[in-house]
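Make a model of the complete structure from these sequences and hints.
So the sequence shown is residues -3 to 149, counted in this note's numbering.
Check before you lean on any hint, since a few could be wrong.
With a straight-line cut-off of 25 Å between C-alpha atoms, the simulated SDA-like cross-links for lysine to any residue are [claimed, not checked]:
| # | residue 1 | residue 2 |
| --- | --- | --- |
| 1 | 51 | 25 |
| 2 | 13 | 53 |
| 3 | 51 | 13 |
| 4 | 88 | 16 |
| 5 | 32 | 16 |
| 6 | 32 | 44 |
Bear in mind the hints are in silico, worked out from the structure with no lab data behind them.
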Amino acid sequence: MTDAASLAAATEASQDKPLLGLFADGNMPVRWEGPKASYHGNIDKPPVTCTPNPKRDASVPTLAQMTEKAIDLLSRNEKGFFLQVEGASIDKQDHAANPCGQIGETVDLDEAVQKALEFARKDGNTLVIVTADHAHASQIIPADSKAPGLTEL
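Written out as structure tokens, the structure is:
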């Protein structure tokens, strides 16, 4: 599978017939774009507006679409299944100081989690765990801050 249409058309996946989706040559395009984060030293600057990323058109499947399809196919297994869904670009966009990219990718993950929760409610025998491997404060605390609660060694 290489696009949203081929993902939607997929009807079977098993140990004998595995399914692989390769939807981008590298990182998938982010949902929203906008200016890079900057520290102005005050809050008098105008707010930033995020806009839809034109590189993310209808041919690019969303994380929610991929999650929903994976659940649909995997839930047919009588023995159950384990599915890991990762919103990896949230972290990548934060490291790139791209608040619009980071926020859009967080929305994407939230929509994917909603698909998992919908299935869990209907199934009644499913555990959904949402976690992060670490947090970021890089866009809310300037790098040279002596913020309360931060300890110097």
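We went through each hint and held it up to the structure:
1. 51 - 25: holds (6 Å)
2. 13 - 53: violated (29 Å)
3. 51 - 13: Between residue 51 and residue 13 the Cα gap is close to 31 Å, so the pair fails against 25 Å, i.e. violated.
4. 88 - 16: holds (23 Å)
5. 32 - 16: Between residue 32 and residue 16 the Cα gap is close to 34 Å, so the pair fails against 25 Å, i.e. violated.
6. 32 - 44: Holds, at about 10 Å.
In terms of the numbered hints stated before, the structure departs from hints 2, 3, 5, listed from lowest to highest.
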